[in-house]
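Number of protein chains: 2
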Amino acid sequence: MTLDYFFNPRSIAVLGASNDPLKLGYEVFKNLKNYGGKVYPINIKEEEVQGVKAYKNVKDIPDEVDMAVIVVPKRFVKQAVIDCGEKGVKGIVLITAGFGEMGEEGKREERELVEIAHKYGMRIIGPNCVGIMNTHNNMNATFITNAVKGSVAFVSQSGALGAGIVYKTIKENVGFSKFISVGNMSDLDFGDLMEALAEDEESKAIALYIEGLKDGKKFMEIAKKVSKKKPIIALKAGKSESGARAASSHTGSLAGSYAIYDAAFRQSGVLVANNIDEMLSMARAFTQPLPKGKRVAIMTNAGGPGVLTADEIDKHGLKLANLKEETMQKLREFLPPMAAVKNPVDMIASARGEDYYKTAKLLLEDENVDILIAICVVPTFAGMTPTEHAEGVIRAVKEVNNGKPVLGLFMAGYVSEKAKELLEREGIPSYERPEDVGIAAYALAKFGEIKNGNE
Amino acid sequence: MTLDYFFNPRSIAVLGASNDPLKLGYEVFKNLKNYGGKVYPINIKEEEVQGVKAYKNVKDIPDEVDMAVIVVPKRFVKQAVIDCGEKGVKGIVLITAGFGEMGEEGKREERELVEIAHKYGMRIIGPNCVGIMNTHNNMNATFITNAVKGSVAFVSQSGALGAGIVYKTIKENVGFSKFISVGNMSDLDFGDLMEALAEDEESKAIALYIEGLKDGKKFMEIAKKVSKKKPIIALKAGKSESGARAASSHTGSLAGSYAIYDAAFRQSGVLVANNIDEMLSMARAFTQPLPKGKRVAIMTNAGGPGVLTADEIDKHGLKLANLKEETMQKLREFLPPMAAVKNPVDMIASARGEDYYKTAKLLLEDENVDILIAICVVPTFAGMTPTEHAEGVIRAVKEVNNGKPVLGLFMAGYVSEKAKELLEREGIPSYERPEDVGIAAYALAKFGEIKNGNE
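For the protein sequence lines, the chains are V and D, in the order given.
Using the UniProt record's numbering, the first residue of the first sequence is number 1, and each one after it goes up by one.
Using the UniProt record's numbering, the first residue of the second sequence is number 1, and each one after it goes up by one.
So here's chain V without its partners, still in its complex pose (with noise of 0.2 Å):
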């Protein structure tokens, strides 16, 4: 299924374009004015919207309309509805909500939405959602700030969550891809949706936050079917008892068992995230291509961040490689005394961006390595900034250049900021805490042998 019309509209119209700041309709409007397509307001009232010629209804507007945001109030959406349906609309995005959120007879008026909708061969994203971005196209149909453009396609089930977790992100310099948040699922649901993503080449990764699931079969379908091309990484709220009946009653949905959901996600090739930073981890860790096996080299300019490095990867299962003889001698040979050329590797804190350089390059080409975690924290050597440390392993990456992922965790809060930048713009991900690149690393291995059906 395509959904182009929903991640690459030719034009979309904005019906409740606002000149109200107080108005999610004003922000809305104010975040599409960017976008490279055109976009027009629709407003029953105002002759010009934030400065752009405005419309009465959809059908005046004098051109075609792939995608319509409806933000008008709650007792104008049918309507809405059926002049987009009218005007020939692709695809709405309804962010107005007070439909399935509020009991049964907002779901009985949900359903008529997408009766009509589909009458008219469109589909719906929402209603009680945020809205959508693709952060590729500058296209940012949702009343919150832009996300980073990056390589994870995030579908969140709530709408206050998700625009959370993009703040987060945005303070993180961690980048999306596409951002959708659902919201009631009325039409469109994850399965759909994931299965759109598959054909995105923009999204390396497909990042869920799930609240509860109305048709689990489809889910598995899909995701069966998904997770043999692209990684797929779950986050599943109310595992707990207490957390379960809590999500029941704010979704109004089951919850359901999580020890279904778990079971499921597994049985359909579904990563499972215990929390939002470990779906993240995973989840951008796949601009690294796919390892080999699960045999992990660390290299370290302290000791500390290496064993609690080597901590997190026993913990996923992945194990710590056992460097060829040749390898630990080669290393010998340029690194001091003190250093420890076992692996995980501590080239002590003299280490600078040559050393990271020569070592990168000598455990990426060590045929017992699958996986190489490059450790930088502070250089304590006055003078030194972990920008060196980072373009050393770029430079050995590029050089080797034999498929192996490689992933940095860069332990120095903003000392570490541009040494970071320099990273992932190589597409290699970097990260802050142990326990992140840990299972990064794990998530690449294991769809590895989701991938090649070895699990």
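Anything over 10 Å on all C-beta distances counts as not near chain V; from chain D, calculated:
{"no.": "1", "residue": "N19"}
{"no.": "2", "residue": "G51"}
{"no.": "3", "residue": "I61"}
{"no.": "4", "residue": "E109"}
{"no.": "5", "residue": "T135"}
{"no.": "6", "residue": "D262"}
{"no.": "7", "residue": "Y357"}
{"no.": "8", "residue": "R395"}
{"no.": "9", "residue": "K418"}
{"no.": "10", "residue": "K451"}
When the alpha-carbon atoms are kept at most 20 Å apart in a straight line, the in silico EDC-like pairs for lysine to aspartate or glutamate are as follows:
{"no.": "11", "chain 1": "D", "residue 1": "K204", "chain 2": "D", "residue 2": "E449"}
{"no.": "12", "chain 1": "V", "residue 1": "K56", "chain 2": "V", "residue 2": "D83"}
{"no.": "13", "chain 1": "V", "residue 1": "K342", "chain 2": "D", "residue 2": "E101"}
{"no.": "14", "chain 1": "V", "residue 1": "K358", "chain 2": "V", "residue 2": "E325"}
{"no.": "15", "chain 1": "D", "residue 1": "K315", "chain 2": "V", "residue 2": "D262"}
{"no.": "16", "chain 1": "D", "residue 1": "K315", "chain 2": "V", "residue 2": "E241"}
{"no.": "17", "chain 1": "D", "residue 1": "K342", "chain 2": "V", "residue 2": "E101"}
{"no.": "18", "chain 1": "V", "residue 1": "K342", "chain 2": "D", "residue 2": "E241"}
{"no.": "19", "chain 1": "V", "residue 1": "K171", "chain 2": "D", "residue 2": "E417"}
{"no.": "20", "chain 1": "V", "residue 1": "K294", "chain 2": "D", "residue 2": "E241"}
{"no.": "21", "chain 1": "D", "residue 1": "K171", "chain 2": "V", "residue 2": "E172"}
Since the hints were derived computationally from the structure, they do not count as laboratory data.
Virtual Cβ for every residue (Gly too), placed ideally from N, Cα, C.
Fit chain D to the supplied structure of chain V, relying on the hints for placement.
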């Protein structure tokens, strides 16, 4: 034991203070120039260091010297320690490396330094360390940036990781009262420091990053005493077999089986952290009073985070409080119909500061509630910022004032930074992730039990 000459020295000498920005002695002296007490640079060649009159020898200082920071090259260290002894210095922070971590000969040299120091009645922190900080009197006797002022005493066996954590906490605005890099622990060790920090009013909790202990019995004896008064949180690297092997090659000492450490920690009333964020999240909870029990009330403006937090609460053996019928009735009076008045209380996205105030008040007054977690995700109504939500919580806490702990979970990246600051200023720790606030609540409840001996 008092270590006041380390934490509040009247005067400090820096042996090896330098004008060369590439030397550690440059950074150390630069950092100490802001200290309120007197700081004397010692440099054999220079008349002035960074604009301050320098002395050739510590003994030339026409004043008493409480603490000496030694950053001279290794070959001058022994004489420097002797000079300090003759001068009547009380405490030495020995930053210079190249001792016990280098092998047997280094260990012997280290022991000799300690013997000399003890002969003169001096104590040593280090060698091979980053130094120490007291944020409450602006003393930074390290070569790294000032930590944020706060309530946690952080003692790190790894200098580089300790520094990395300081940089991380600066970025995340998490505060330390003291930062002590213990290095090789030739003289003062975790036990001595815990004992001293137990008496330190600015430190509400003690966080330890441990790679290996030389004297486990001493550690346990002191921890047992201290943990009756003040929470101790330990993160031990080398949990896994791979990690332990790595740790043992790193510290030179036997890391020992993690199971033994884990049991020893628990027997001594030490709270065990599994990673850096757990350690920090637990430690900074203790600006709040201890709860009487483990029944947690959650209030939120979005269902998803409430569910994720309920999951975390459950994971740590805490309970979701059963709210009194009366509480729920009163909540129903002002919350919208779609709100959930059963714990977790979901005030839904329309909740404003006033709703946070009223809800927090009712939950704190409910006798079935021991701990309150106030969650706010990015408000989805234009013109609203999380600041008013934080203010509502603060107002309720001040009015009710019944000694129940309150924790914040403000999940909106940079959007909620001001709200978090407001909460922290009132001593209400505010987190960004459900797992962090969950383990913080656990730490408060658990330490309440440890202190009362009803573990």
